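*Asks:* In case you want the letters, here they are:
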Amino acid sequence: MNDLPVPSNPPLPNRERLRLHIPPHRPQPGGHADFGYFRVPAAGVVARPAIDVPSVVTHPLATALIRVLDEENRAVGEWDPGLDPETLRQGLRWMMLTRAYDERMYRAQRTGKTSFYMTSRGEEAVAVAQAMALRPDDMLFTSYRQQGLLIARNYPLIDMMCQIYSNGRDPLKGRQLPVMYSSRAHSFFSISGNLATQLPQAVGWAMASAYAGDSRIAAGWIGEGATAEADFHHALTFAAVYRAPVVLNVVNNQWAISSHQEVAGGEEATFAARAIGFGLACLRVDGNDFLATYAATRWAAERARANHGATLIELFTYRAGSHSTSDDPTKYRPEDEPRTWPLGDPVERLARHLIGLGEWSEERHKAQQEELARLVRDTDREAQSHGTLGEGPHFGVETMFEDVFKDMPWNLRRQQREAEEP
Amino acid sequence: MNDLPVPSNPPLPNRERLRLHIPPHRPQPGGHADFGYFRVPAAGVVARPAIDVPSVVTHPLATALIRVLDEENRAVGEWDPGLDPETLRQGLRWMMLTRAYDERMYRAQRTGKTSFYMTSRGEEAVAVAQAMALRPDDMLFTSYRQQGLLIARNYPLIDMMCQIYSNGRDPLKGRQLPVMYSSRAHSFFSISGNLATQLPQAVGWAMASAYAGDSRIAAGWIGEGATAEADFHHALTFAAVYRAPVVLNVVNNQWAISSHQEVAGGEEATFAARAIGFGLACLRVDGNDFLATYAATRWAAERARANHGATLIELFTYRAGSHSTSDDPTKYRPEDEPRTWPLGDPVERLARHLIGLGEWSEERHKAQQEELARLVRDTDREAQSHGTLGEGPHFGVETMFEDVFKDMPWNLRRQQREAEEP
Amino acid sequence: MPVMSMVQALNSAMDVMLGRDPGVLIFGEDVGFYGGVFRVTEGLQKKHGERRVFDAPIAEGGIMAAAVGMGAYGLRPIVEIQFADYIYPATDQLISEAARIRYRSAGEFAAPITVRAPCGGGIFGGQTHSQSVEAIFTHVCGLKTVMPSNPYDAKGLLIAAIEDDDPVVFFEPKRLYNGPFDGHPDRPAVPWSQHKASEVPEGYYTVPLGRAAVVRPGSAVTVLAYGTMVHVALAAAEEAGADAEVIDLRTLLPIDLETIVASVKRTGRCVIAHEATRTCGYGAELSALVQEECFYHLEAPIVRVTGYDTPYPHALEWEYFPGPKRVAAGIRQALAA
Amino acid sequence: MPVMSMVQALNSAMDVMLGRDPGVLIFGEDVGFYGGVFRVTEGLQKKHGERRVFDAPIAEGGIMAAAVGMGAYGLRPIVEIQFADYIYPATDQLISEAARIRYRSAGEFAAPITVRAPCGGGIFGGQTHSQSVEAIFTHVCGLKTVMPSNPYDAKGLLIAAIEDDDPVVFFEPKRLYNGPFDGHPDRPAVPWSQHKASEVPEGYYTVPLGRAAVVRPGSAVTVLAYGTMVHVALAAAEEAGADAEVIDLRTLLPIDLETIVASVKRTGRCVIAHEATRTCGYGAELSALVQEECFYHLEAPIVRVTGYDTPYPHALEWEYFPGPKRVAAGIRQALAA
Ligand SMILES: Cc1ncc(C[n+]2csc(CCOP(=O)(O)OP(=O)(O)O)c2C)c(N)n1
Ligand SMILES: Cc1ncc(C[n+]2csc(CCOP(=O)(O)OP(=O)(O)O)c2C)c(N)n1
Ligand SMILES: [Mg+2]
Ligand SMILES: [Mg+2]
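Chains as they are written, first to last, in our numbering: chain A, 169 to 590; chain B, 169 to 590; chain C, 80 to 416; chain D, 80 to 416.
Check before you lean on any hint, since a few could be wrong.
[Said to hold, decoys possible] Calculated cross-link-like contacts (lysine-lysine; reagent style BS3-like; alpha-carbon spacing at most 27 Å): (1) 344(C) - 404(D); (2) 499(B) - 125(D); (3) 344(D) - 404(D); (4) 404(C) - 344(C); (5) 125(C) - 499(A); (6) 126(C) - 499(A); (7) 126(D) - 499(B); (8) 125(D) - 275(D); (9) 404(C) - 275(C).
Note that these hints are calculated values from the structure, not bench results. Nothing here was measured: the structure is a model prediction, and the numbers come from that model.
Could you put together the complete structure from these sequences and hints?
*Replies:* Rendered as structure tokens:
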């Protein structure tokens with residue numbers, strides 16, 4: 169072949185030519201969605217082990233998919249957490265609020281009120297069900313796509329919005345890119361722009377909690393794409409060696425910006441299976457199934473709380489929106505993918521389940537949708553009254569030099585003075 | 169408890185106190201060896217799959233141990249590579265030469281002829297059998313403890329020794345710490361002092377070979393302790409995603425300086441099992457069994473050559489010597505461990521196997537030992553005639569500035585002039 | 080001659096080299112099918128195939144390691160780090176391996192790798208999409224470091240970097256991708272087409288590494304800048320109404336000392352401008368070199384105008400950015416003293 | 080007062096803090112049962128238990144990440160990087176996380192972490208056991224950087240670092256662990272007991288971060304040094320027979336500018352000595368600052384005496400090391416000009 173790089177020598181006659189495998193980018197935009205790369209198992213078929221089983225007992229679950237809601241959205245099987253309607257309605261409300269909030273903030277960016285935004289459309293069950301399955305003081309180390317955790321912990325919408333607008337009331341003083349929330353009061357760790365760093369930090373926090381004889385556990389979230397980062401390996405290694413009380417969640421929403429999960433290794437194995445080589449427990453769950461997600465998270469949390477160590481959960485879901493306001497998904501995937509995702513929409517499925525139970529109705533759903541849209545709109549108005557990125561007001565220039573260190577050294581004091589000069 | 173760090177809150181009544189698990193350091197020096205943490209399965213019981221099976225077929229092998237030489241050192245089972253006596257004697261000779269070389273260089277350091285040395289005592293089969301199972305032009309990315317690979321590729325002993333002495337004939341011009349060999353002519357990549365970096369490099373080289381339609385594969389070696397490093401994760405991820413033609417070897421010699429393999433996660437799972445989560449093939453082999461090591465390596469190499477992708481091999485062995493000339497193992501492990509290692513000594517086992525075949529004898533063994541000791545001694549004398557670290561001669565000071573870049577920039581030319589001034 | 084933006088010029092450089100050298104390949108996060116988040120590799124996979132241009136797992140360390148292995152084989156990989164802020168996971172492979180392989184193997188192995196990374200602020204990217212990390216790499220022996228300021232240089236320097244037999248860290252000021260930017264965010268954005276350096280030959284040419292360019296001759300003060308700050312310095316010189324000589328360093332390592340020293344010896348005054356944080360930034364080395372080489376010609380203290388020693392804030396982006404006002408003040412300070 | 084080596088003083092500092100603060104814990108490679116490859120944590124696990132002092136997997140990045148998480152919880156982890164040359168895998172967690180958490184969380188979370196790392200050459204460790212990497216971290220806002228030169232300072236500075244609420248990178252010149260070293264490898268090794276700074280109090284005390292020490296008063300030239308180079312500078316001053324004022328910086332960030340400027344304004348001449356590679360080393364910042372602050376007092380160019388811009392070679396260790404001969408030459412050069 170004529171395009172051999174100079175140094176390589178021709179294969180010997182008795183040797184096969186090697187081939188480089190590049191995961192094909194499929195399906196392509198223009199074409200139609202093709203989800204043939206995985207099968208959707210029936211709901212209710214996966215057995216639920218006791219929380220104290222040896223981790224190996226859970227390893228077969230790496231290739232299963234825990235599902236509770238069946239095709240008619242009835243709750244079936246051992247993993248049904250048996251939540252009361254009140255709790256389910258609360259979960260539905262928080263998911264709907266998350267979606268309404270996302271839609272509003274996405275538009276706010278589109279209309280130039282801020283620089284950047286990322287929605288969690290299609291992944292609301294992951295955050296909301298998991299927040300409800302954990303205790304309010306369990307420490308959360310998240311990526312940028314679990315805003316539902318904050319909403320389900322009643323972090324004030326207005327604070328979230330002011331962070332998005334980087335305005336004078338932004339709890340983070342306008343320092344962070346929109347969506348990079350932080351709230352110590354809500355046991356929610358500062359979100360990093362650097363992928364994966366939060367996961368081993370969650371393990372470290374959990375080690376500290378165990379070190380202190382505390383009873384709070386930690387939970388960490390990472391996208392399937394970011395599992396290729398070193399810190400994913402660090403998290404699994406340290407969680408295994410020190411049996412840290414932590415729940416490690418891989419949110420497999422099929423895409424990492426324009427790269428399909430196959431580029432992260434999804435072609436060869438599931439992400440839940442990464443736990444096996446470390447002797448960690450693992451679960452693989454339908455992330456668009458509120459009940460299954462709740463049950464799996466609860467199982468892992470109780471296991472950790474009882475000093476049986478960490479669990480890796482793969483939440484199998486779909487990123488229904490763009491990666492962020494900076495990309496156009498139709499450039500890299502079929503436009504009908506979000507509509508045709510085989511595991512459906514988490515909000516719709518939980519609503520249908522409640523309606524099936526006679527605990528919810530189309531009318532109440534519509535009414536709640538409108539109520540939440542109003543709530544979000546009104547809160548947004550209030551938030552904008554405190555300023556937007558473009559218009560301000562912002563925190564004063566002097567604040568730019570604060571919190572680099574606890575005590576400001578001379579070079580920063582000097583630069584602060586310089587910056588304050590008119 | 170009185171030593172709670174200030175910030176942690178007392179556990180709620182209904183919650184269990186969390187405990188931090190620290191892998192206990194056992195057995196301790198002074199005490200006796202305790203190998204109760206693993207069992208030694210019989211030889212010949214593990215089935216040998218075809219080289220083109222789906223990787224999942226190999227995953228049960230992650231908890232097995234491929235052994236060919238039985239208690240009487242007879243070759244048994246499907247993994248017997250069926251090597252002719254000539255080849256076996258060659259392997260034995262190279263292992264014995266490696267050991268003789270190690271002993272000589274260790275003493276050279278002890279007598280102040282150089283700064284540092286690391287022996288591979290007890291692990292000779294890993295390097296020698298693997299070198300013989302690979303093709304001479306397959307590219308090797310090793311750690312600092314596979315000197316047997318170079319010896320089995322007939323890299324001149326004199327060159328190795330001159331590198332150890334950093335003298336005027338050192339192929340690496342005295343730049344590298346002893347044992348950090350490099351020989352392009354022998355398809356042996358420059359050894360790095362930074363752990364684990366070579367493993368994903370091996371994958372990258374293999375990707376390049378496949379990219380070029382070449383037929384040479386790559387092989388990489390890493391210690392079990394270093395598998396905790398990020399680069400181990402990178403190697404597995406890239407090997408899986410691009411199906412790179414590479415053999416990845418984890419040499420589990422039970423110790424990482426003073427840390428037992430449990431500190432690297434060996435308490436929870438085998439190192440071979442790390443492959444499962446990536447859908448890579450894996451084998452776990454008795455690294456002190458020349459035949460088993462040869463057969464496993466051959467299997468993985470043929471699989472890679474036939475474009476079936478990478479295999480992770482755990483070589484279960486024992487570091488019979490100190491980590492390096494800088495540590496004293498009796499400070500952290502029972503002094504009788506090396507003697508009582510359940511899998512025996514690789515040289516002795518292969519010798520006994522050959523004797524059993526009537527192809528070797530105590531006399532020939534002893535004679536070869538003495539011959540190799542002489543060979544090493546004479547070569548050492550010649551090497552020292554080219555200088556030692558302390559006495560020199562060394563490469564001239566001007567060479568210190570060469571090879572930083574292909575073309576020397578002004579700042580280095582300037583510094584070179586300065587350094588050459590008397 | 081075709082008119083190209085910085086993005087198009089960089090794309091053209093890689094297109095040319097993919098065509099000329101079968102050993103050249105490109106990989107990185109989202110660089111394949113999508114063509115990169117800044118579209119710099121757009122169309123290259125379609126034209127040259129998945130084998131030559133492909134997506135990588137999100138692991139900067141793994142990407143760099145694979146490139147080192149490929150370089151050892153004899154290929155010339157071009158890897159993209161999606162943002163310079165994300166290069167840290169790759170530092171071990173870049174600093175401990177790529178930069179040292181030629182030395183430690185006594186010349187047997189090399190790392191002919193080009194590492195592309197968008198850097199700098201100006202797009203409201205916040206503290207993890209705005210960093211200028213060049214000084215971490217200019218301290219590392221064995222690495223070359225480049226930062227172009229316009230399309231013509233970008234293409235010529237990138238081809239030179241790809242052809243270089245040693246590892247080159249190639250920083251691309253993202254604020255310049257689609258137009259020159261003089262540090263006045265309030266003014267309408269200008270496309271490259273209005274800048275003469277947007278005239279870029281279709282085919283192969285190089286701009287040699289290690290040579291700076293005098294982009295504005297002057298005799299009263301020398302302003303040393305690179306990347307976005309070159310345009311800011313030019314604006315500042317105008318606004319200060321100063322007879323300032325502005326030098327675009329283009330390559331940070333090796334440093335073009337001759338050009339710098341010749342200028343400062345003439346002007347006797349020197350201002351150094353960069354966007355990176357001040358302390359131990361690249362400007363410190365420039366300042367040290369200039370005072371070592373030009374001590375007896377200096378009529379005033381060398382002035383550094385830089386980013387502050389804080390992370391790059393989101394809302395206060397323009398208070399942080401060392402714009403024309405601050406650079407002009409630095410020029411005045413140098414002239415006043 | 081007890082006499083301690085650098086190793087013993089560092090060990091004592093950690094012993095004292097483990098005793099005083101239940102939130103202090105130590106982990107790293109081989110630091111537990113074995114007590115560290117340089118024995119700096121020897122006996123601490125036995126005394127304080129496995130829960131407080133334990134071995135970590137060989138993953139500098141994971142060690143740093145765990146420390147960041149523990150710091151967020153409220154503990155004060157002390158982590159050991161076995162050699163500074165192996166800190167690169169931890170740079171992302173150190174630079175992107177530890178250094179920025181206070182800022183990005185608007186003060187809600189902090190990283191009260193102490194990172195200990197043996198640095199420097201002089202033990203024939205070759206290029207991966209000899210590096211001085213301080214300049215990579217002194218460029219990072221949010222990090223403090225320390226390098227002691229004697230047992231008394233080592234203990235006081237380490238306690239101050241552990242108590243500091245921000246991340247501190249604490250470099251320990253390994254050549255000084257067991258005795259002062261003035262750069263004459265040919266002369267017999269001297270134990271710390273013969274040095275007055277080996278008198279170290281048993282208990283708690285601190286040497287505040289950010290304060291340099293004048294270790295040799297003089298009026299003709301100022302020599303700025305830290306770590307091993309302090310002893311080399313003192314020897315060089317004698318050998319040059321110069322009335323040199325030698326300043327031990329002790330803390331590199333924050334810089335004790337006052338002490339430096341006061342001295343240089345008096346002497347009018349300045350020599351900067353460090354073991355790290357020259358280009359973009361910490362000395363560049365010192366040189367830039369001195370010329371900015373003392374321009375009108377400087378009678379001669381500032382001189383830098385540093386490691387060469389190459390990896391640390393094994394056989395030619397002493398040709399590479401900037402010993403007394405080179406520093407003395409630098410002093411003479413500064414005085415001659
Ligand atoms: C260390 C690092 N590398 C690259 C990026 C750029 N980046 C931001 S998000 C993203 C994709 C992440 O995909 P995934 O982990 O699947 O999470 P998702 O966006 O799907 O929730 C990339 C590459 C980054 N932020 N940090
Ligand atoms: C990145 C890095 N961290 C730490 C070290 C120091 N170190 C050298 S060898 C070693 C132990 C390695 O143990 P293992 O991987 O099991 O290999 P073995 O020595 O047993 O062959 C350590 C910690 C290093 N060389 N590089
Ligand atoms: Mg994703
Ligand atoms: Mg080992």
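*Asks:* All hints are to be evaluated individually against the structure, with a verdict given for each.
*Replies:* Now for the hints, and whether the structure bears them out:
Of the pairs offered as hints, the one joining residue 344(C) and residue 404(D) is violated, with about 31 Å between alpha carbons and a cut-off of 27 Å exceeded. For the hint pairing residue 499(B) with residue 125(D), the CA-to-CA distance comes to about 14 Å; that is within 27 Å, so the pair holds. Taking the CA atoms of residue 344(D) and residue 404(D), the gap is near 26 Å; set against the 27 Å cutoff, the hint holds. A threshold of 27 Å between alpha carbons decides the hint, and for residue 404(C) with residue 344(C) the separation of about 26 Å falls inside it, so the pair holds.
Note on residue 125(C) and residue 499(A): the hinted pairing holds, with a Cα-Cα distance of about 14 Å set against a maximum of 27 Å. For a cut-off of 27 Å, the pair hint linking residue 126(C) to residue 499(A) stands: about 17 Å separates their Cα positions. Straight-line distance between C-alpha atoms of residue 126(D) and residue 499(B) comes to about 17 Å, which keeps the hinted pair within the 27 Å bound. A C-alpha spacing of about 30 Å is found between residue 125(D) and residue 275(D), which places the hinted pair above 27 Å, so the restraint is violated.
This hinted pair checks out: residue 404(C) and residue 275(C) have alpha carbons roughly 25 Å apart, not beyond 27 Å.
The structure is inconsistent with the numbered hints 1 and 8, although it conforms to all the rest.
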